[in-house]
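Engineer: Order-wise, the sequence lines are chains A and B.
Note that my numbering has the first sequence beginning at 850, numbered continuously upward.
Note that my numbering has the second sequence beginning at 850, numbered continuously upward.
Just so you know, the hints here were simulated from the structure itself, not pulled from any lab data.
Among the hints, erroneous ones may be present.
Derived lysine-lysine pairs resembling DSSO-like cross-links, with alpha carbons at most 27 Å apart [claimed, not checked]:
id: 1; chain 1: B; residue 1: K1060; chain 2: A; residue 2: K1096
id: 2; chain 1: A; residue 1: K1060; chain 2: B; residue 2: K1096
id: 3; chain 1: B; residue 1: K1096; chain 2: A; residue 2: K970
id: 4; chain 1: B; residue 1: K971; chain 2: A; residue 2: K970
id: 5; chain 1: A; residue 1: K971; chain 2: B; residue 2: K970
id: 6; chain 1: B; residue 1: K1060; chain 2: A; residue 2: K967
id: 7; chain 1: A; residue 1: K970; chain 2: B; residue 2: K967
id: 8; chain 1: A; residue 1: K1060; chain 2: B; residue 2: K967
id: 9; chain 1: B; residue 1: K967; chain 2: A; residue 2: K971
There are 2 protein chains.
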Amino acid sequence: MLKTPDHQVAGHEAGLGKLGPLIDDSGRFYKPLQGDNRGSEEVAFYESFSSNTNIPEHIRKFFPIYHGTKIMKASTGSDHPHIVLQDLTSARANPSVMDIKIGSRTWAPGASEAYIAKCLKKDRESTSIPLGFRLSGMQVFINDESGFYKPHRNYIRKTDPNDVRLLLRKFVSSNPSAEMETGSSLGPDCSLASFVYGGPNGILAQLLELKAWFEDQTVYHFYACSFLFIFEKRLALKDARSNAEVKLIDFAHVIDGNGVIDHNFLGGLCSLIKFISDILSETKECNGTNGQVEL
Amino acid sequence: MLKTPDHQVAGHEAGLGKLGPLIDDSGRFYKPLQGDNRGSEEVAFYESFSSNTNIPEHIRKFFPIYHGTKIMKASTGSDHPHIVLQDLTSARANPSVMDIKIGSRTWAPGASEAYIAKCLKKDRESTSIPLGFRLSGMQVFINDESGFYKPHRNYIRKTDPNDVRLLLRKFVSSNPSAEMETGSSLGPDCSLASFVYGGPNGILAQLLELKAWFEDQTVYHFYACSFLFIFEKRLALKDARSNAEVKLIDFAHVIDGNGVIDHNFLGGLCSLIKFISDILSETKECNGTNGQVEL
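Based on the sequences and whatever the hints tell you, model everything.
Structural biologist: Given below as structure tokens:
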């Protein structure tokens, strides 16, 4: 039984006559190949990556498992080729999810002039140029009654650096809907920061593991690729060990590194690491907690 | 007594009716303020930097000493304001010098559309986009008889990633003029690599020190800023301790970091570090030498 994903926060959405990803109940995610050559480029990446013996095992966990391609009935009703991937949120009941596109430049050097102009415009209008990354979508589970805090795409699209800093705090807060009022100190409480961002298995530790790889790897350059941060609030509170996951997704614009590191991705990653470290430092100062943060 | 610098490898050169830097015999370098507001921007940076108490002492050594500004007779013959700086090569007899412009993007977000278009074109035509840095000039001392290997500006301007890799090797070779012949293994011998790039005081160690600062500092964003690598061959061979220096120059496009790291500079720096590490690894493999490289 195929259906549209429950926890998609960014990207094309399947709908009546609209092509978008589907999931099944066995934990698989079906991503329709995009019409231009992006779809085939993404398949080419997954094929290359899954057979590349130079990828360390501890790095593979950051990528969705690839199950090949399949022609199947798409969300539009007609047959269409799909990339079959691991459904990253299938094991989660109420996942909090954040999608962050990495790199101050989202276009590869060999792209067409029209595509470069389009990307450059988006990079300049978003936080990609100033921050080295931009937010593409997010949802934060509050509780069964309130459900999710999920800012609208139109808001996400217009976020400036201060908004991004605030939303990275809201992602690990029990009160993500709380608005800062003038003269009030009521803001996101960051009560989950040390569980989600901190700790030996937290998001910061995982980003640092990836950073070490990106300082050395010259196999791939990842343009317009995103991080997904995923965690389950219930588990975060119950279990000291973090259940937070970091995954990389969207590989339609990956090119050969040709012996050069992916300085564009690495720069954005280091910037994101600094944002998250700052939140952990502030949180530690406020709470007087915890020895879990490892830098 | 003012004269034109002996060891300038990039930038405007003083000449008949042409504004360019001058040096005196007391070790000072006089850089004329550029006509648009670049000159005043650079003065503003030096003023800010020299009085900023958040700059760690071990980082200051990477910047030229600033002695204020002075209105004086310029290379054109008329009075003109100059920035007075430390002459970085004054203590050297036959310095080998390399000028490397850092960052895949040389324009700041707030620049004019015309300026952005001009920079973007240069970034794309050079190695700035693919490598995160580009070569602006170099000279390598060979010996008293042959003097310097100094590739022409027109050649430097057209270097591709492979040329840059080769020139980074030539910079630390005793035979920088040797050309690779088809089927021949005659290439730059990298005989000085471990003395200049390697070792506890070598260029790689200094770049790693700067990298650690750039991972954390959010005070300045350095656009179109360059590294100068300087060493004296005679000293490199005589003394195991490296005499290689790394300096940062050209601050006409430095902007406030606003709490964000300089991911554009950091990405380019990490890419350059990888290039230099690669040369050291290859050299070690070939020579079976040395324990000097510290990563």
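Engineer: For each hint, tell me whether it holds in the structure or not.
Structural biologist: Here is what the structure says about each hint:
At most 27 Å may separate the alpha-carbon atoms for a hinted pair to count; B:K1060 and A:K1096 meet this at roughly 26 Å. At most 27 Å may separate the alpha-carbon atoms for a hinted pair to count; A:K1060 and B:K1096 meet this at roughly 26 Å. Our distance criterion of 27 Å between C-alpha atoms is broken by B:K1096 and A:K970, whose separation comes to about 34 Å. Distance restraint check for B:K971 and A:K970: the Cα-Cα separation of roughly 18 Å lies within the 27 Å cut-off, and the hinted pair is therefore satisfied.
For the given pair, A:K971 sits about 18 Å from B:K970 by alpha-carbon distance, which is consistent with the 27 Å threshold. Restraint check for B:K1060 and A:K967: not satisfied, since their Cα atoms lie roughly 32 Å apart, outside the 27 Å limit. Among the hinted pairs, A:K970 with B:K967 is consistent with the structure: their alpha-carbon atoms are about 16 Å apart, no more than 27 Å. As the CA atoms of A:K1060 and B:K967 are separated by approximately 32 Å, the hinted pair breaks the 27 Å bound.
Between B:K967 and A:K971 the CA atoms are separated by roughly 19 Å; this keeps the pair inside 27 Å, and the hint holds.
Hint compliance for this structure: hints 3, 6, 8 are broken, all remaining hints hold.
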